[in-house]
Each structure stands twice: as C-alpha cells, then as structure tokens.
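Colleague: This is what each chain is made of:
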Amino acid sequence: MPIKAITPDYHGDFKDGVEKFHGNQIVNIHWEKHLMFAWPMCVPLPPAMPFGALIEGVLPGIFGKHPDFAKIDWNRVEWSTSKGAFTPDPAKSLADNGIGHKTTIRFRTPGLNGVNGNAVC
Amino acid sequence: MAAEGNSKPAKKLSLKENYALLTRGLGWEPSYEKKEDIFRYISFEGVKIHDWDKWEDPFRLTMDAYWKYQGEKERKLYAIVDAFQQHNGQFNVTDARYVQALKLFINGITELEYDSHRGFNILAREFPGVGPRIAAQMQSLDELRHATTQIHTISQYAKYFTGMNEFPYQFDRVWYLSIPKSFFEDAVTSGPFEFIVAISFAFEYVLTNLAFMPWMSGAAFNGDMATVSFGFSAQSDEARHMTLGIEVIKFLLEQDPGNVPLVQKWIDKWFWRGYRLLSLLATMMDYMLPKRVMAWNEAWEIYYEQNGGALFADLARYGIKPPKRAPETIAEKGHVAHQMWSVFYGVRDAVGFQTWLPSDEEMAWMSEKYPDTFDKYYRPRYEYWKSLEAAGTPFKNATLPQLCQVCQWPCLFTESGDPTTLSLRESEYQGQTFHTCSDGCKDIFDDTPEKYVHAWLPVHQIYQGNCFLPGVDPTAPDFNPMYEALRYMGIKPGIDGGDYKGSADATNWENWTSRPANIHEGAYTDAVRDTANPADASARKTS
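Just so you know, the sequences run in chain order G and X. Counting along the first sequence from 1, when you hit position 100 you're at 99 in numbering that gives the first Met the number 0, and nothing is skipped either side. Counting along the second sequence from 1, when you hit position 431 you're at 430 in numbering that gives the first Met the number 0, and nothing is skipped either side.
In isolation and in its complexed conformation, chain G is listed as follows:
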C-alpha cells in the first residue's frame, strides 16, 4: 500500500544513489564468527577494483590485527551475499563478480572461528 501523505504521490529523494559517491560504490564486508568486529564494515570502493585487490589491499586494513587473519587460506574462504554463495574471480572487478552498490559481502573462514574458536572475538 503506498504511503499516505499530505502531498499526492509523495516520494522522498534517494539519498544514497551510486552517483553521489564520486565514482565509488559502497561495499559492506562482514567476517563471520569474528564478532569483535561487530558490524559489516562499510567502505567506498571503485567498482573496477579487482576482487583480489579487495583481499590484498582493503581487508588487511580492517581485519589485519586479528590473530586469525594471517592464517586465512583464501582458497578455502566461503563468500556470500544476500543472493547466496559465490566464488569470486580475483582477477575480475568487483562489478564483474556481481558486487554492486551497497552489496553486503559475508565471508566465512572454515576452521577459523575467532579467538579460541568462540566466534565472539
């Protein structure tokens, strides 16, 4: 049912369209079972950035201090978005890997589930 408003056909403007981010798109990244990073990390990234550059250049700055991070075997990481699981091609761009504006990426690192495996830190 459309909104009831004093103005007919009321519609707010879209505050966060991709055109407002100066060539970047918003990407949210969440490392599952490492909840001391307790929210999806929001970063602006160029859509043409290769997925491999996200892994090598962006994620260490966010998660690198966690003792599990250096132990990650990137070939075994399980990636997903709200559309389901996917296998990224590191050479292809974010866009070509299906990562659009405001996509939330979740990744799981099998065998690495937080300090002492407790998932909460």
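Do not rely on the hints blindly, as some may be mistaken.
Result set (BS3-like, lysine-lysine): computed pairs, CA atoms no more than 27 angstroms apart in a straight line [as the list claims (entries may be wrong)]:
#1 X/Lys34 - X/Lys47
#2 X/Lys323 - G/Lys3
#3 X/Lys33 - G/Lys3
#4 X/Lys47 - G/Lys3
#5 G/Lys70 - X/Lys385
#6 X/Lys249 - G/Lys3
#7 X/Lys320 - X/Lys249
#8 X/Lys33 - X/Lys10
#9 X/Lys450 - X/Lys323
#10 X/Lys67 - G/Lys3
#11 X/Lys290 - X/Lys450
#12 X/Lys320 - G/Lys3
#13 X/Lys395 - G/Lys64
#14 G/Lys32 - X/Lys375
#15 G/Lys64 - X/Lys385
#16 G/Lys82 - X/Lys395
#17 X/Lys320 - G/Lys70
#18 G/Lys19 - X/Lys450
#19 X/Lys385 - X/Lys249
#20 X/Lys500 - G/Lys14
#21 G/Lys91 - G/Lys19
#22 G/Lys70 - X/Lys395
#23 G/Lys3 - G/Lys32
#24 X/Lys15 - X/Lys53
#25 X/Lys53 - X/Lys320
#26 G/Lys3 - X/Lys500
#27 X/Lys158 - X/Lys385
#28 X/Lys47 - X/Lys375
#29 X/Lys450 - G/Lys32
#30 X/Lys290 - G/Lys3
#31 X/Lys368 - G/Lys32
#32 X/Lys450 - G/Lys64
#33 X/Lys385 - G/Lys32
#34 X/Lys67 - G/Lys64
From the structure, some residues in chain X lie toward chain G, with a derived Cβ separation under 10 angstroms [as the list claims (entries may be wrong)]:
#35 Glu112
#36 Lys375
#37 Leu399
#38 Thr413
#39 Thr420
#40 Tyr482
No wet-lab data here; the hints were simulated from the structure. None of the values given here were measured: they were computed from a predicted structure. For glycine and all other residues, C-beta sits at the position ideal for the given N, C-alpha and C.
Chain G is fixed; fit chain X onto it per the hints.
Modeller: Just chain X now, with coordinates in the frame of chain G:
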C-alpha cells in the same frame, strides 16, 4: 447604591462546570471558514472520528490550574538546582564514569524533549476536538519545560567535564545521534494520529517507565541529585502523558472499527522503533552506572513483559494484539547491553564520551544477572580485549559501520536464536539495495519505502563528502577523512572520547576530589591518597 440583586455573589461553579468552561468552553464553531479548511491534516491518514465530544478528558486539569502546578514544581526544582551548584554536587557522584552517561543524555535525549514539544504543538493546532487540543497544548509546554530543566541542570556538569558544551550542534551532526534524531523526526513528520499513537501511546505509555524508574533510581544511587530532581519534577507530567496515551488509543478504537488495523500497524511500528531507541538505556544502565540498581533484562521483564502484557491483555477486547515484534525484544534482552558497549568500546576514538572495559567486579555482577549469556558470549571478548590492553596493543575498530536504513543503529544485532550470527536484512526497492538490522526495521521499511529512502545516514554522508567543515580540502595530501568528520560533528578527537583512563575527565576527577576515577580499579594517579592503607594512614596521623 446598587440594587440588592446586583450585590449578590455569583453562584460558585461546581468543579465540573468550571472545568467544562475552562477547557471545552474555550472552543467555538467557525462561521465563515469551512471546518475542513481549518483542520487540513485530519483525514489523510484514514482515521475516522465521528464524535470528538466522546473524548474523555483524562486529566480534569484546566489551564489556570496547570500554570499554578507547574510554577510550583519549577520553584522547587530550581531551589534544588541552586543548592546543587552551591555545594558542588557534581563531585558527589560515584565517579566520573557516571558523567559519561550524562553526556549521552544531554547530547541525545534532551533534544527529543524539544522535538516532542514541536510535535504536540502541531497537534494542539490540528485536532478539531477541544479536549485533545488542550491536552496536546499542555504536553507541548511540559516537553519544553523538560528540555529547559535538563539543560539547566546538566549545565553544572558541563562546567567541569568534557563533551557537553555543544549539545544542539552535536545532535544534528554526530553519527550515532542520528539514532534518536531520526526516531523523533520520523514521528513529527507523520500525520497527527500516527504521531500521537507513536509518542503518547507506544513511547510514553508502553516504554518510558523504563527511563523514569530504573534510570532515575540509578542516578539517585550514584549520588546525582540534580538528575533525580529533574526526573521527579518531570514524572508527574509523565503520568499525565501516559494517561493521554491510553485515552487516545481507547478513543480511536471506539470511534470506528476501521481504525483498528491502522492503530495496530502504528503500535507494531512504534513499539519497535521505541524499543530500538531505548535499548541505548540498556548499555547506560549495565555499563555506565558505577553502582547498578537493576540489570536491563530485569527492567525489561518488569516494565515490558509484565506491565505491557497486562496492558495488551486489556486491549484485546478492541481486537488489538501485542506488538508484532515483542518476542524479538524478549529474545534480545540478555544481549543488547553487551553488544552495544562492545561496539562503543571498539570505536571509542569516534564517540563523544569515554569508554572502558568492565572491571572484574562488574563482570561478576553481569555473570550473576545474565547467567545464560554473559559468560558464554561476552566475558571471553572482554577478557581478550583486557589481554590486548595489558600487552599495549588495545583493540580498536576504525572502519565505519553499515547502518540500518530505519533505526540508523549500526547493524550490530544478532539473530534471535543465534547470538554469533549478525541479523542482516535487505530489501530491494526500485532497483536499489536497502539494509536493515532486524525483521522489525525491515517491516517498517517495506511498508513505506517512499519515506525511508531519503534517510540521512551519517556513514554514507561522510563518504559522499558532506560532513566536513568549510575550507577543508578533501584532495589535500594530508587529508584525514575520519579526523575531519569528527571535527565536523563537534567531537574533539583525544578529548571528548577515547579511553577513560588517562582522559581529562578521569585525571581532573582525581585532582579535584582526591577520589578514584574508577571505584573498581583504584586510583589512576597519585592525586588520590591511599587512606585505606593503615600504614599510610598511621604515618599521616603521627606526622
């Protein structure tokens, strides 16, 4: 000489007559304008009112009596505030960690009182019935009074502690203060009936006892006589506001059966929004009160599960059901306080108050209060962070969060049945993606995406380059976006937020009071003398 008949005193009016003349008697029927041209915003929401005179005035309070009562309360309150200031009452609180909670209060809550004043002003103009207009007018004045008394009371703290002197500026800019701001602006921009159900019923009637009972008891228990006094001064107003809330609901439900689904939808929405807002109190109660009176989960059991349960049982005869997402609030009650404090600690360099890790004494209390959740999910995290602090490599999270499009909290909450999985919800609308933190917020977005697409989400605004002071050049080689965004928000990096230990507030506290800045950890500086140590005490005695 006047005729005998003229000198006869006028018949004294009965209370009922007096009341009728001084409330409903103040209204009139328009003669040269159409009613619908005067009351323009009363029909678009779809609520049907057949007889405004069926409104039962819940207060039986006339305007002249109102001014008298309020004036009396003001005199009492300001006498106490004067005494508080003359006796340096700000140093009688338990320790300066308590003051960090007051920063959240003055920067994030007081402005809501002012917004509420605006909202009820609108109702006092828009409602055709005289009874509800008078009630809204009184509440509008109450809310203005609450904002004023809070500002006056807390101003004494602002003279001595950091982070409280820019509150109206910060309210409009600080990233986490968009949570309370967006809540009330959502309500004020709704129609008059949605506003009154949202604020008078869902917020005032169902939820604010949580703020007035456990929080004010906590203020008293920690020696903050100023906050307790404005709390008590406001409480008799609150009782009136709650009565208005229940009267509104009954009036709407009794006027037309078609109003029932509308009211139910607003209850579902605003209960959830109010809960999300008030759960900030969870972390204030459990973590920021050095001496605690009650845990959040206990407060939720008493003030929602028991009291709310009885209320909704009573409303069942109208066809009203308990709020749709109430079960989620019960499932979360053992988690929210801990989850929020964890994220505030992680981003302590980007907030306007100081944080600390809970002491052993505090963690023992939480284990006792939260036997099912604390030791399993939160103690291990704090103990790990303590070990990092001890090693000189404290944990910090420097990356901004994904925010919920509706409540604007970071998406930090977990699934009801799974505390180690974040509860992330997404909606697609006109080809764009929107994130919400929960099913409750997703329901709200999906119902009226037209309204929420233009939410001013601080994280996105920072990345769009809209949160820098004039003259800042984002292309400069030494440009630091986080530092500049904090300056824009009115937060002084390294002074207003950060670690409590070593902060200006903690150090000043020990210098000024000679008491530990953290009663659980002992003194941070040698400004505090070890009077508990007999050797030291006897040494001083003999000298």
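Colleague: Now look at each hint and say whether the structure bears it out.
Modeller: Tested hints:
Taking the CA atoms of X/Lys34 and X/Lys47, the gap is near 15 angstroms; set against the 27 angstroms cutoff, the hint holds. Under the criterion of a C-alpha separation no larger than 27 angstroms, the hint pairing X/Lys323 with G/Lys3 is consistent with the structure, at around 21 angstroms. With a CA separation close to 23 angstroms, the supplied pair X/Lys33 and G/Lys3 stays within the 27 angstroms bound. For the suggested pair X/Lys47 and G/Lys3, the alpha carbons sit about 15 angstroms apart, so the restraint of at most 27 angstroms is met.
Simply put, G/Lys70 and X/Lys385 have alpha-carbon atoms about 23 angstroms apart, close enough for the 27 angstroms limit, and the pair holds. About 23 angstroms separates the Cα atoms of X/Lys249 and G/Lys3, which keeps this hinted pair within 27 angstroms; it holds. With a C-alpha separation of about 14 angstroms, the suggested pair X/Lys320 and X/Lys249 falls inside the 27 angstroms cut-off, and the hint holds. At roughly 37 angstroms between alpha-carbon atoms, X/Lys33 and X/Lys10 are farther apart than 27 angstroms, so this suggested pair is violated.
Under the criterion of a C-alpha separation no larger than 27 angstroms, the hint pairing X/Lys450 with X/Lys323 is consistent with the structure, at around 21 angstroms. Note on X/Lys67 and G/Lys3: the hinted pairing is violated, with a Cα-Cα distance of about 41 angstroms set against a maximum of 27 angstroms. Of the pairs offered as hints, the one joining X/Lys290 and X/Lys450 is violated, with about 42 angstroms between alpha carbons and a cut-off of 27 angstroms exceeded. Proposed proximity of X/Lys320 and G/Lys3 is supported: the alpha carbons are some 23 angstroms apart, at most 27 angstroms.
A threshold of 27 angstroms between alpha carbons decides the hint, and for X/Lys395 with G/Lys64 the separation of about 9 angstroms falls inside it, so the pair holds. The suggested pairing of G/Lys32 with X/Lys375 holds, with an alpha-carbon distance near 14 angstroms, which does not exceed 27 angstroms. For the proposed pair G/Lys64 and X/Lys385, the alpha carbon gap of about 15 angstroms is at most 27 angstroms, so the pair holds. Proximity of G/Lys82 to X/Lys395 is assessed by CA-CA distance (about 31 angstroms); at most 27 angstroms being required, the pair is judged violated.
Taking the CA atoms of X/Lys320 and G/Lys70, the gap is about 51 angstroms. The hint is violated against a cut of 27 angstroms. The suggested pairing of G/Lys19 with X/Lys450 holds, with an alpha-carbon distance near 19 angstroms, which does not exceed 27 angstroms. Annotation: proposed proximity of X/Lys385 to X/Lys249 is violated, straight-line Cα distance about 53 angstroms (limit 27 angstroms). For the proposed pair X/Lys500 and G/Lys14, the alpha carbon gap of about 39 angstroms is over 27 angstroms, so the pair is violated.
Only pairs whose Cα atoms come within 27 angstroms are accepted, and G/Lys91 paired with G/Lys19 is accepted, the gap being roughly 24 angstroms. Straight-line distance between C-alpha atoms of G/Lys70 and X/Lys395 comes to about 20 angstroms, which keeps the hinted pair within the 27 angstroms bound. This hinted pair does not check out: G/Lys3 and G/Lys32 have alpha carbons roughly 42 angstroms apart, beyond 27 angstroms. Restraint check for X/Lys15 and X/Lys53: satisfied, since their Cα atoms lie roughly 16 angstroms apart, inside the 27 angstroms limit.
Note on X/Lys53 and X/Lys320: the hinted pairing holds, with a Cα-Cα distance of about 24 angstroms set against a maximum of 27 angstroms. With a CA separation close to 51 angstroms, the supplied pair G/Lys3 and X/Lys500 exceeds the 27 angstroms bound. Restraint check for X/Lys158 and X/Lys385: not satisfied, since their Cα atoms lie roughly 33 angstroms apart, outside the 27 angstroms limit. Restraint check for X/Lys47 and X/Lys375: not satisfied, since their Cα atoms lie roughly 52 angstroms apart, outside the 27 angstroms limit.
In summary, the hint linking X/Lys450 to G/Lys32 is not supported, as the alpha carbons are separated by about 34 angstroms, beyond the 27 angstroms threshold. Annotation: proposed proximity of X/Lys290 to G/Lys3 is violated, straight-line Cα distance about 47 angstroms (limit 27 angstroms). A hinted pair counts as satisfied when its Cα atoms are at most 27 angstroms apart, and X/Lys368 with G/Lys32 qualifies at roughly 25 angstroms. The suggested pairing of X/Lys450 with G/Lys64 is violated, with an alpha-carbon distance near 40 angstroms, which exceeds 27 angstroms.
Restraint check for X/Lys385 and G/Lys32: satisfied, since their Cα atoms lie roughly 20 angstroms apart, inside the 27 angstroms limit. At most 27 angstroms may separate the alpha-carbon atoms for a hinted pair to count; X/Lys67 and G/Lys64 exceed this at roughly 62 angstroms. At a threshold of 10 angstroms, the smallest CB-CB gap from X/Glu112 to chain G is about 26 angstroms, leaving the interface hint violated. The interface hint given for X/Lys375 is met, as the beta carbon of that residue sits about 8 angstroms from the closest beta carbon of chain G, less than 10 angstroms.
With a least beta-carbon distance of about 5 angstroms to chain G, the hint placing X/Leu399 at the interface is held under the 10 angstroms criterion. The interface hint given for X/Thr413 is met, as the beta carbon of that residue sits about 8 angstroms from the closest beta carbon of chain G, less than 10 angstroms. A hinted interface residue such as X/Thr420 counts as satisfied when its beta carbon comes closer than 10 angstroms to some beta carbon of chain G; here the least separation is about 7 angstroms, so the hint holds. Contact between X/Tyr482 and chain G, as hinted, is not supported at the beta carbon level, the nearest pair being about 16 angstroms apart and thus beyond 10 angstroms.
Consistency note: the structure conflicts with the earlier hints numbered 8, 10, 11, 16, 17, 19, 20, 23, 26, 27, 28, 29, 30, 32, 34, 35 and 40.
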